[in-house]
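Chain by chain, the residues:
Number of protein chains: 10
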Amino acid sequence: MSTRPSRALETFPNPNPGRDYEIRLEAPEFTCLCPKTGQPDFATLRVRYVPDQYCVELKSLKLYLWSFRDEGAFHEAVTNRILDDLVAALAPRRMSVEADFLVRGGIHTVVEVHHP
Amino acid sequence: MSTRPSRALETFPNPNPGRDYEIRLEAPEFTCLCPKTGQPDFATLRVRYVPDQYCVELKSLKLYLWSFRDEGAFHEAVTNRILDDLVAALAPRRMSVEADFLVRGGIHTVVEVHHP
Amino acid sequence: MSTRPSRALETFPNPNPGRDYEIRLEAPEFTCLCPKTGQPDFATLRVRYVPDQYCVELKSLKLYLWSFRDEGAFHEAVTNRILDDLVAALAPRRMSVEADFLVRGGIHTVVEVHHP
Amino acid sequence: MSTRPSRALETFPNPNPGRDYEIRLEAPEFTCLCPKTGQPDFATLRVRYVPDQYCVELKSLKLYLWSFRDEGAFHEAVTNRILDDLVAALAPRRMSVEADFLVRGGIHTVVEVHHP
Amino acid sequence: MSTRPSRALETFPNPNPGRDYEIRLEAPEFTCLCPKTGQPDFATLRVRYVPDQYCVELKSLKLYLWSFRDEGAFHEAVTNRILDDLVAALAPRRMSVEADFLVRGGIHTVVEVHHP
Amino acid sequence: MSTRPSRALETFPNPNPGRDYEIRLEAPEFTCLCPKTGQPDFATLRVRYVPDQYCVELKSLKLYLWSFRDEGAFHEAVTNRILDDLVAALAPRRMSVEADFLVRGGIHTVVEVHHP
Amino acid sequence: MSTRPSRALETFPNPNPGRDYEIRLEAPEFTCLCPKTGQPDFATLRVRYVPDQYCVELKSLKLYLWSFRDEGAFHEAVTNRILDDLVAALAPRRMSVEADFLVRGGIHTVVEVHHP
Amino acid sequence: MSTRPSRALETFPNPNPGRDYEIRLEAPEFTCLCPKTGQPDFATLRVRYVPDQYCVELKSLKLYLWSFRDEGAFHEAVTNRILDDLVAALAPRRMSVEADFLVRGGIHTVVEVHHP
Amino acid sequence: MSTRPSRALETFPNPNPGRDYEIRLEAPEFTCLCPKTGQPDFATLRVRYVPDQYCVELKSLKLYLWSFRDEGAFHEAVTNRILDDLVAALAPRRMSVEADFLVRGGIHTVVEVHHP
Amino acid sequence: MSTRPSRALETFPNPNPGRDYEIRLEAPEFTCLCPKTGQPDFATLRVRYVPDQYCVELKSLKLYLWSFRDEGAFHEAVTNRILDDLVAALAPRRMSVEADFLVRGGIHTVVEVHHP
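Chains as they are written, first to last, in my numbering: chain A, 202 to 317; chain B, 202 to 317; chain C, 202 to 317; chain D, 202 to 317; chain E, 202 to 317; chain F, 202 to 317; chain G, 202 to 317; chain H, 202 to 317; chain I, 202 to 317; chain J, 202 to 317.
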């Protein structure tokens with residue numbers, strides 16, 4: 202059970218590229234590790250985007266998010282990284298990624314990143 | 202019980218075409234099939250529009266939504282399709298359709314489409 | 202108990218006509234009849250306005266809303282009608298009326314009308 | 202539109218009379234008149250029962266509740282009356298009726314009646 | 202405007218004395234004065250009772266509650282007092298009074314009294 | 202896409218038959234047809250049980266629930282039917298099934314059935 | 202206990218007059234009398250302001266609000282009056298007062314006033 | 202500002218010792234220190250009791266709770282301690298204390314203690 | 202970062218073994234793997250117990266829960282396992298463990314286990 | 202346990218200085234003392250900022266907030282002070298601090314400060 206799931210994001214053609222419209226995805230099952238302590242962190246990820254030529258395939262997104270499970274990642278860096286990977290795969294017209302982390306040390310953190 | 206309900210959207214004349222006003226409809230009973238797996242998908246549909254000469258008749262809208270029950274439909278395509286059909290029938294001044302799908306593979310999806 | 206309550210809207214002078222301010226009224230007890238089936242419809246009415254020279258007297262508003270109890274009225278028409286009557290009685294600087302109807306045929310309807 | 206709907210409650214045979222089970226119905230659209238002032242009262246009705254030989258048919262229940270629309274009725278009396286009528290029609294093993302009235306004079310009233 | 206409203210609780214005959222049933226009343230508009238500081242206290246009152254021969258008339262209950270507006274009253278004493286007065290007037294089969302006071306000194310207080 | 206999914210409920214051995222414990226399952230995606238009108242009905246199903254020798258396998262439960270999609274079924278009958286089928290497959294120590302149907306004709310219905 | 206509390210609003214110097222910032226105050230304990238019927242009215246007051254040279258001292262605000270307890274006051278007039286008094290005492294850069302009154306005659310009223 | 206507030210709990214005579222009734226107090230402002238790390242802990246305290254001869258005076262309860270601000274205290278021990286102190290001061294017929302602590306290390310803790 | 206955290210549960214002496222009282226712990230950060238698919242599962246764990254001679258030390262509980270992160274575990278088995286481990290370590294007077302898993306295949310599962 | 206925790210805010214380099222993005226932090230565990238009465242005040246702090254070259258390290262922020270525990274601080278002044286300290290340490294592109302204080306004297310206060 203130790204293989205890292207594929208980080209490749211699959212896409213399918215946007216069925217309506219002639220129109221700007223928004224897709225919102227919420228994944229409450231994101232977990233990675235704190236690079237300082239090695240302890241697990243948990244977050245709900247929210248992605249909003251206006252597709253151009255491609256939409257993200259949900260199963261590959263699920264595997265992509267799962268691939269962070271055994272990796273050390275700072276809150277700010279991993280949120281930017283996910284946006285960068287999604288932008289690289291989809292070239293969306295607009296996109297935002299919000300990572301809403303569970304409380305650590307009495308502080309609740311949310312990071313929200315936009316493209317462009 | 203296997204006949205597909207009519208997809209024809211009926212209309213009635215807007216009682217106040219001289220004024221821009223908004224009608225909001227929420228239908229929590231939309232279901233179609235996943236084109237990949239054949240499994241049922243479920244969504245709440247939300248329609249907002251500013252009517253021009255016509256308003257949509259509610260019973261025909263109910264039958265229209267019901268007509269997708271046995272059809273395969275991707276999230277993004279079916280939301281755009283419903284907007285297109287409503288725009289064709291009503292020629293509204295403005296309209297949006299939001300389809301809020303139940304969780305699949307740990308991911309909750311909402312698609313929101315606007316006209317014009 | 203069969204007399205229709207008065208539809209006359211009473212007013213009182215705005216105590217601060219020199220200033221734009223907003224009054225918001227919510228009446229969860231509106232009922233009329235469906236003109237097609239004769240069956241009762243139920244709604245919560247929300248009125249927001251910026252008064253000019255007059256404010257609406259609450260008791261007369263209550264009687265006014267009650268006067269629709271035995272009348273057939275389509276959702277869109279009755280919401281526009283209530284705005285028209287209130288505008289005629291109050292000549293407000295701005296006003297909106299929102300009628301939030303209980304579910305019919307699995308569809309929840311809200312109509313929102315603005316003046317001017 | 203002035204005919205009083207039928208007060209006759211229709212029933213259908215309980216499909217599982219060999220087992221005690223509970224049916225809960227909630228109707229947010231009950232209205233009658235205050236016998237003192239003639240003004241409308243509004244309530245949400247909640248019926249819970251364990252059927253014996255009969256279940257209540259929903260459409261006839263809807264018409265039954267509608268039949269109070271033009272009648273004067275005290276909160277306590279009408280709740281007991283509805284329980285009595287339902288017990289007479291269904292002879293249930295157990296039943297309760299709860300009527301949850303909107304605020305009058307700053308006081309919110311609920312009446313809950315049980316059989317037996 | 203300084204007359205104390207009547208403290209007399211009026212009643213009407215219970216329309217169903219042959220059956221035990223419950224009446225629940227909630228009044229969010231109770232206010233009295235703190236006997237130590239003279240400052241106003243505010244509470245929501247909740248009364249639940251099973252009537253015997255009499256039910257409380259709502260308008261007289263409203264006036265009764267209003268009669269405490271200018272009186273000094275400790276939380277515990279006033280809640281017991283209201284139960285005593287209601288029991289004296291109604292002789293109910295069972296009754297409870299709950300007074301839910303707004304925060305004072307960072308502490309939120311609820312007093313709940315039962316008869317018998 | 203018209204094949205009815207299998208109605209066979211699969212099971213796996215209870216990992217702790219020596220202890221009474223409860224499993225609660227909630228499936229918000231149940232739909233069947235109204236036997237009178239042929240129109241779709243929608244419900245959330247809640248199953249609670251104390252397993253004896255067997256637990257229900259979730260994927261087969263999903264297919265089982267899906268198998269009602271094209272069948273006419275009265276609220277009361279289908280809830281009893283689902284309990285009977287689950288009891289036949291699992292022989293649980295205790296079980297309840299609750300079906301919480303969306304509003305029809307202004308009335309919201311819940312049916313709750315227990316075994317034994 | 203019949204002395205009217207002081208209506209004088211005390212202030213203290215704004216600790217950061219060089220910066221625009223917002224202070225929001227919510228007081229759920231406002232009560233006055235209806236000038237028509239003499240009956241008590243209850244409201245939650247919400248004040249938002251950007252201070253200039255002065256901030257309002259909370260204890261004096263509490264006494265100020267308390268001073269309306271025995272006074273007749275229409276909803277619209279008293280909300281404007283409170284804004285006027287606070288503006289006179291504080292000369293804020295911006296201020297709003299919202300009074301959210303409990304239901305009267307089935308209608309819930311909110312009045313919201315802004316300066317300038 | 203470093204003096205520890207008085208830990209003495211003051212009481213006043215129960216105005217109705219002839220009747221069992223319940224007083225519920227909620228104080229969301231409890232803080233003490235973790236004896237291991239010296240870091241602050243925060244809790245909401247809930248006290249429910251049936252008074253015998255004495256009720257607790259609220260201001261002294263507030264000071265009593267405040268007295269733990271600079272003290273090290275384990276969750277379980279401090280909750281038992283507060284119950285013991287209140288029982289010693291009030292000799293109530295029944296009492297419970299619930300301490301609802303904010304999350305530490307991803308775990309939310311509640312301790313609930315009863316007397317007798 | 203691949204070492205499995207210690208599964209040893211540490212305890213400390215119950216500060217009040219002379220009294221039955223309840224400790225409730227909620228940990229929203231439990232994750233393990235599905236033994237069939239290898240995919241991650243997520244749950245909120247709730248533990249309630251009445252300690253006898255020992256209480257569980259929170260940090261060791263956190264590490265214990267974390268130790269399941271890379272292990273395959275069926276819902277029913279892992280919940281029973283956690284109860285068994287906690288009972289073995291603490292010998293509590295009473296204990297329950299509830300595992301509330303995120304939706305899989307449209308079905309939300311909760312497993313609740315009690316000792317004794 | 203009486204040493205004041207360090208007020209020094211530590212930072213780490215922004216992993217994505219090339220992009221404007223937002224970090225939101227919520228700390229429900231802020232407490233200081235009222236400079237007039239010496240009594241404790243409690244607040245939830247919310248910080249939102251767009252980092253430039255530095256992000257705030259969470260543990261140092263926790264210690265920084267803790268450092269106010271034994272200090273007298275007016276609501277308005279301490280909120281401005283926290284913003285000033287964070288701006289001095291981080292030089293963010295944009296920042297706001299909101300302090301949401303628990304009720305004092307029946308009034309709930311929120312102070313919200315922005316930079317620039």
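Take these hints with a grain of salt, some might be off.
[Unchecked claim] Distance ranges between label pairs, derived from CB positions:
#, chain 1, residue 1, chain 2, residue 2, range
1, D, R208, E, G273, 29 to 37 Å
2, F, P317, D, R225, 15 to 23 Å
3, I, H315, H, D221, 28 to 36 Å
4, H, S207, E, D221, 20 to 28 Å
5, B, S207, F, A292, 43 to 51 Å
FYI, nobody ran anything at the bench for these hints, they're computed from the structure. Quantities reported herein were computed from a predicted structural model and do not represent experimental measurements. Glycine residues also receive a C-beta, built at the ideal position from the N, C-alpha and C atoms.
Hint by hint, here is what the structure shows:
no.	hint	result
1	D:R208 to E:G273: 29 to 37 Å	53 Å, violated
2	F:P317 to D:R225: 15 to 23 Å	21 Å, holds
3	I:H315 to H:D221: 28 to 36 Å	31 Å, holds
4	H:S207 to E:D221: 20 to 28 Å	50 Å, violated
5	B:S207 to F:A292: 43 to 51 Å	46 Å, holds
Checked against the numbered hints above, the structure violates hints 1 and 4; every other hint is satisfied.
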